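Taken in order, these protein sequences are the chains called A and B.
The first sequence begins at 1 in my numbering and counts up by one.
The second sequence begins at 1 in my numbering and counts up by one.
Misleading hints may appear alongside valid ones.
[Claimed, not checked] Now the in silico label distances, taken between C-beta atoms and shown as ranges:
{"#": "1", "chain 1": "B", "residue 1": "Ser-99", "chain 2": "A", "residue 2": "Phe-183", "range": "45 to 53 Å"}
{"#": "2", "chain 1": "B", "residue 1": "Pro-111", "chain 2": "A", "residue 2": "Arg-36", "range": "45 to 53 Å"}
{"#": "3", "chain 1": "B", "residue 1": "Gln-11", "chain 2": "A", "residue 2": "Thr-150", "range": "27 to 35 Å"}
{"#": "4", "chain 1": "A", "residue 1": "Leu-160", "chain 2": "B", "residue 2": "Trp-8", "range": "55 to 63 Å"}
{"#": "5", "chain 1": "B", "residue 1": "Gly-28", "chain 2": "A", "residue 2": "Ser-49", "range": "19 to 27 Å"}
{"#": "6", "chain 1": "A", "residue 1": "Arg-36", "chain 2": "B", "residue 2": "Asp-73", "range": "14 to 22 Å"}
{"#": "7", "chain 1": "B", "residue 1": "Glu-115", "chain 2": "A", "residue 2": "Phe-183", "range": "43 to 51 Å"}
{"#": "8", "chain 1": "A", "residue 1": "Val-141", "chain 2": "B", "residue 2": "Lys-88", "range": "27 to 35 Å"}
{"#": "9", "chain 1": "B", "residue 1": "Thr-84", "chain 2": "A", "residue 2": "Glu-25", "range": "52 to 60 Å"}
{"#": "10", "chain 1": "B", "residue 1": "Asp-6", "chain 2": "A", "residue 2": "Thr-150", "range": "54 to 62 Å"}
[Unchecked claim] From the structure, some residues in chain B lie toward chain A, with a derived Cβ separation under 8 Å:
{"#": "11", "residue": "Gly-32"}
{"#": "12", "residue": "Ala-48"}
{"#": "13", "residue": "Glu-49"}
{"#": "14", "residue": "Thr-51"}
{"#": "15", "residue": "Pro-54"}
{"#": "16", "residue": "Arg-58"}
{"#": "17", "residue": "Asn-61"}
{"#": "18", "residue": "His-76"}
{"#": "19", "residue": "Arg-78"}
{"#": "20", "residue": "Lys-79"}
{"#": "21", "residue": "Tyr-80"}
Think of the hints as simulated: they come from the structure by calculation, not from any bench.
All figures in this text were calculated on a predicted structure; none of them were measured in a lab.
The C-beta atom is built at its ideal place from N, Cα and C for all residues, glycine as well.
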Amino acid sequence: MTTFDQPLQTRVDAYLMRLRRSLGELPPEEVNEILREIRSHILDRAEASGELTDEKLMRILKELGQPEDIGPLYQAEAMVARARSSFSPLLILRTTIRWAMMSIVGFMTFIVGLFGYGLALGFSGCAVMKPFMWDKVGFWVHSNGFTMGTISAHETARELMGWWIIPFGWTVGPLFVVGTTRFLRWMLRFASRRSPIAAT
Amino acid sequence: MADPLDNWEAQIRKGWLEVAILATLWSGRRYGLEIIRALEERSDLVVAEGTVYPVLTRLRNDGLVDAEWEESDSGHPRKYYSLTAAGKRRTLTLAKHSSEFLAKMTALIEPLLKETRR
Chain A
1 MTTFDQPLQT
11 RVDAYLMRLR
21 RSLGELPPEE
31 VNEILREIRS
41 HILDRAEASG
51 ELTDEKLMRI
61 LKELGQPEDI
71 GPLYQAEAMV
81 ARARSSFSPL
91 LILRTTIRWA
101 MMSIVGFMTF
111 IVGLFGYGLA
121 LGFSGCAVMK
131 PFMWDKVGFW
141 VHSNGFTMGT
151 ISAHETAREL
161 MGWWIIPFGW
171 TVGPLFVVGT
181 TRFLRWMLRF
191 ASRRSPIAAT
Chain B
1 MADPLDNWEA
11 QIRKGWLEVA
21 ILATLWSGRR
31 YGLEIIRALE
41 ERSDLVVAEG
51 TVYPVLTRLR
61 NDGLVDAEWE
71 ESDSGHPRKY
81 YSLTAAGKRR
91 TLTLAKHSSE
101 FLAKMTALIE
111 PLLKETRR
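The following block holds chain B by itself, in its conformation from the complex:
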């Protein structure tokens, strides 16, 4: 039986991963490993790197990102992802919702944390 806290964290990660991936593409196109690196630097969302790729596949199926193969200097091709117009709109909407949601959540939790810190 999995630890309930582990399960909770896994659910949270799954929910946020899509938003986070879209956010990493906001500034321009990236290939898989670049997206993963950006996520690893700025979040705790990636546990198994391989799980990012199926999400990218879904975003592509949903028409939110485009993907194209390109030869790299190192000799093997890389698959680059970029936001489509629909993807940009979606990213912006998700970012706004996320920000509001996090602000409310923080306001809810903050008093409790302050109290226990004392």
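Just chain A, same shape as in the assembly:
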């Protein structure tokens, strides 16, 4: 069993502590797994270096890199992995924003996603508001085309759906949420196969 002298152990512990801090809010089991592996790396390197001195250990840690540089790489991987297997629109949208800042495809995906969720909100919103503003909310046909939602009362417009807008909104709204989420997930999967989205 490889063990370190006390001063060397303190140095290794300090390094792992800095790494733990830079891992942010990863789940504890992932954090432990990462620290275990990096510790194993240090032990292997130490073993190979013959008699371990403070200088040698410092070189091993230097070659490993700054914990503050490595931690964010793990965080980025974890974020993409969670978003891909998640159905939470918020998490998926957040990851997509990150991607949007890095590539054109990411940006386009983000715009489509925003549009999809926007429509979902619009349809559901109509269904929610109809009972309260029954004379303003609806699917309107007027001189400029169609309006889904509210129009000002003085416009000459015809309402097509009546109270059917409530079941309609409650059906189409969620469908847009599911559809958009599926689309974004699919794009994230596609993207991460091509390039490390979040590795900066």
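Got chain A sorted already, so can you dock chain B onto it with the hints?
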């Protein structure tokens, strides 16, 4: 402000690291430091050794590699990585693309280098 050449190199490294790691696993399972040693012997891809581990985590999340802990003779456990069936397919595809890409790139650059050598 970082040197633009440094930045270019860093981008290139990032892109190739995944292919290179998968390639080192082609002949069989390896633990982290073995992968790093193989990369250091045969490439200039590894600058900070610690950056290899997050990539391994990603490959695992993508189902391209499996990982398992095993006790070593030296007394501490090591995490061994091996290619999954999907990982093997992916490695082969990447290897083919890389090889074609490099051949074209070389053909493009070679004349220029010959000219400047003269």
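Hint-by-hint comparison with the structure:
no.	hint	in the structure
1	Ser-99(B) <-> Phe-183(A): 45 to 53 Å	violated, 34 Å
2	Pro-111(B) <-> Arg-36(A): 45 to 53 Å	holds, 51 Å
3	Gln-11(B) <-> Thr-150(A): 27 to 35 Å	violated, 49 Å
4	Leu-160(A) <-> Trp-8(B): 55 to 63 Å	holds, 58 Å
5	Gly-28(B) <-> Ser-49(A): 19 to 27 Å	holds, 26 Å
6	Arg-36(A) <-> Asp-73(B): 14 to 22 Å	holds, 18 Å
7	Glu-115(B) <-> Phe-183(A): 43 to 51 Å	holds, 50 Å
8	Val-141(A) <-> Lys-88(B): 27 to 35 Å	violated, 59 Å
9	Thr-84(B) <-> Glu-25(A): 52 to 60 Å	violated, 29 Å
10	Asp-6(B) <-> Thr-150(A): 54 to 62 Å	holds, 56 Å
11	Gly-32	holds, 5 Å
12	Ala-48	holds, 3 Å
13	Glu-49	holds, 5 Å
14	Thr-51	holds, 6 Å
15	Pro-54	holds, 4 Å
16	Arg-58	holds, 5 Å
17	Asn-61	holds, 4 Å
18	His-76	holds, 5 Å
19	Arg-78	holds, 6 Å
20	Lys-79	holds, 5 Å
21	Tyr-80	violated, 11 Å
Hint violations for this structure: numbers 1, 3, 8, 9 and 21, all remaining hints satisfied.
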